[in-house]
Amino acid sequence: MATTVSRSPSDAKFLDEHGSSDLSGEFRRNERSLVRYITMHTGCRATAEDLVQDAFIRAGTASTPDVRNPRAFLFRIALNLLTNYKVQRRRRRALTDQIRTLLWDGVDEATPERHVSARQELSQVYRVMDDLPERTRNVLFWSRFEGLNQAQIAARLGISYQAVEKHLQKAITRLTEARQQEKS
Amino acid sequence: MTSGKPAASPPASVEETAARWVARLALKNVTESDLLQLGAWLAASPAHQAAFDDARATWTELPSEYRPPIKHAGWRSPRAVATFAAVAAAACAVFVIGAPHLMPHDLASPTGAVRTTTLADGTRLWLDSDSAADFHIDSDSRTLRLARGRVHIAVAADPQRPLTVKAAGYDIKDIGTAFTVDASGTDLHVAVTEGRVDVKRGNAVTALTAGKRVVLNPEHAAAPESFNASSEAAWRDGRILLDQMTLRAALTEIERYRPGRIILLDDELGNRRVSGTLAIDDLDSGLNALAATQRLRFQNFPYLLIVSAQHP
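Residue numbers (the numbering used here), protein chains in the order written: chain A, 142 to 325; chain B, 31 to 342.
One should not assume that every hint holds.
Unchecked claim - Below, simulated EDC-like cross-link-like pairs (lysine to aspartate or glutamate); rule was C-alpha separation at most 20 Å, straight line: (1) Lys-307(A) <-> Glu-46(B); (2) Lys-311(A) <-> Glu-45(B); (3) Lys-307(A) <-> Glu-45(B); (4) Lys-324(A) <-> Glu-46(B); (5) Lys-227(A) <-> Asp-195(A); (6) Lys-227(A) <-> Glu-62(B); (7) Lys-58(B) <-> Glu-287(A); (8) Lys-311(A) <-> Glu-46(B); (9) Lys-311(A) <-> Asp-83(B); (10) Lys-311(A) <-> Asp-84(B).
It should be emphasised that the hints constitute simulated quantities derived from the structure, not laboratory data.
Chain A extracted, bound-state conformation (with noise of 0.2 Å):
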């Protein structure tokens, strides 16, 4: 009786099976070669290693894995990822242009010059942060300052994703009314 080997995803535990199956052992040796080449196209070995892991995983689950030419087969699908993430990188890139033009276009970072009639208005922004809650305080500091962006927030402060915005909306709010004001 004929019995046909079926490929279950326990199969293809590249990493910490060391060659008990031919197809994985074939995966691993060409790992380095892999990396290497994926990181060229995209500048971080980082981004490399994960999308090389991606690609063993759905190498090793696929229904109909092509035995034959398994380093091909491995190759065909790193490089579907590989176009996947290049255009995915190209929308980001365009997207944080975009954001980047709509908030700073026209500002001139270099020269912060405090004109002495801005610096009315400079102490009661003062105020106005002194005023506000502390943790609305450190959303709107640590976004604008420190670098960190939306879910670091939220997890440094223990607060929900949506929460870290509603404090940013506020800040702001009570901050242009409060220019406003010193302005007229």
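Go by the hints and put chain B onto chain A.
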């Protein structure tokens, strides 16, 4: 208020909406379709555009020199204690084997965790795995005593109260900076990421500028050297970055974040160079990956990991 549907909140004013948009842009929490929505909203009325310009000016012109008022001058910063009290208790529970330090500290971090806090004066502190410190402010000075481990400190400027870090018999005087002090080994390591510090012991003073670090030992003269900023900063992001590091040094670094010791049996093996990134909160995966790529054999015992070469 009686049962039934809650009253709908009043629609946001133009100012609130503008502030919300600026907040979302600032947090980069927008998609392409969101930006289309924003464009439409801005075009809908000149009042919208004006409110948006005011709100974004608030953001871009926010004064970085602002420092929050100091609320408490005294030995214990209540906020810091509240953040770390539970953590310190856990640390005491873990260290049953040979725990020489049972004195509670203002600030502490258990093995395997990296903790951050903002002190009462606005200074930010990162405590690495198994670290403890005390902070004291009075009218003309601020002192951070590093009892154990490694801290990175981003000092809030305050000319009235210069900040000094005391560790292993050295005084590290801050001159408007961010720097790391590591007392976890036999020598004291100080690395400056921004600004400058003066490291003093007795009459000897070593000035250290940004991008330089020094290994301090009372027997030897201090020789500042450059260091790799991203490797040095990785622990604050919860990662260990190995960049062509010897396996021996890599295991020493990993050992900081695990309870117990790591012993390397093979000297030759220890000289091998390795690269990679490990997540501090998932060291087992990182160690397994290292074992696979370097063909290592692990023998795991309580509080002890023995590493040797795999035999072919």
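Verification of the supplied hints:
no.: 1; hint: Lys-307(A) <-> Glu-46(B); in the structure: 10 Å, holds
no.: 2; hint: Lys-311(A) <-> Glu-45(B); in the structure: 11 Å, holds
no.: 3; hint: Lys-307(A) <-> Glu-45(B); in the structure: 14 Å, holds
no.: 4; hint: Lys-324(A) <-> Glu-46(B); in the structure: 19 Å, holds
no.: 5; hint: Lys-227(A) <-> Asp-195(A); in the structure: 15 Å, holds
no.: 6; hint: Lys-227(A) <-> Glu-62(B); in the structure: 17 Å, holds
no.: 7; hint: Lys-58(B) <-> Glu-287(A); in the structure: 15 Å, holds
no.: 8; hint: Lys-311(A) <-> Glu-46(B); in the structure: 8 Å, holds
no.: 9; hint: Lys-311(A) <-> Asp-83(B); in the structure: 17 Å, holds
no.: 10; hint: Lys-311(A) <-> Asp-84(B); in the structure: 14 Å, holds
Hint compliance for this structure: no hint is broken.
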